[in-house]
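Trainee: The sequence shown begins at 1 in full-length UniProt numbering and counts up by one.
One or more of the hints may lead you astray.
Unchecked claim - Distance windows between CB atoms, simulated:
| # | residue 1 | residue 2 | range |
| --- | --- | --- | --- |
| 1 | 28 | 5 | 34 to 42 Å |
| 2 | 10 | 94 | 47 to 55 Å |
| 3 | 82 | 35 | 26 to 34 Å |
Derived by calculation from the structure, the hints in this document are not laboratory data.
Note that the Cβ used here is the ideal one computed from N, Cα and C, for glycine as well.
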Amino acid sequence: SSGTFVAAVAAHFPRVTPGPMDPSVDRTPTMAGRRAVERIGEEYGIADVNLIKPGVGETTRVLLRRVPWRIVARRDAGPDLDHIRLLAEQRGVPIEEVDDLPYRCLGLIHPQYTRGATGADGKAAR
């Protein structure tokens, strides 16, 4: 039953519970990610920050489900972005490599097309 399954999984919790957090580590939010998104918006003329999707997962989603305009990737991202490079090549989306990103990559959605557009040419998929 599902109750037996949950009990079996829960029995392993004590072995995987992390220890206390190190209080000497500064965890104050820096807003570096937000500033990077705003800076990229200014550099690429994108007024709506909702069209800038930070991180590998969001960039993957842009390439699969949206109208990708370009990808901005950290130069040292290495093989972590192999699937991003492949998808970008398949969709004809340029990748610009930079050195100063707090994310491994950002996907930029084309600012001229609607939310429902998904084709490489900006037209709705049929």
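Trainee: Against each hint, give a clear statement of whether it holds in the structure.
Mentor: Do the hints match the structure? See the list:
1. Under the hint 34 to 42 Å, the C-beta atoms of residue 28 and residue 5, about 40 Å apart, fit the expected range.
2. Look at residue 10 against residue 94: about 48 Å separates their beta carbons, and that is inside 47 to 55 Å.
3. Range check, residue 82 to residue 35: Cβ separation about 28 Å, and the 26 to 34 Å hint holds.
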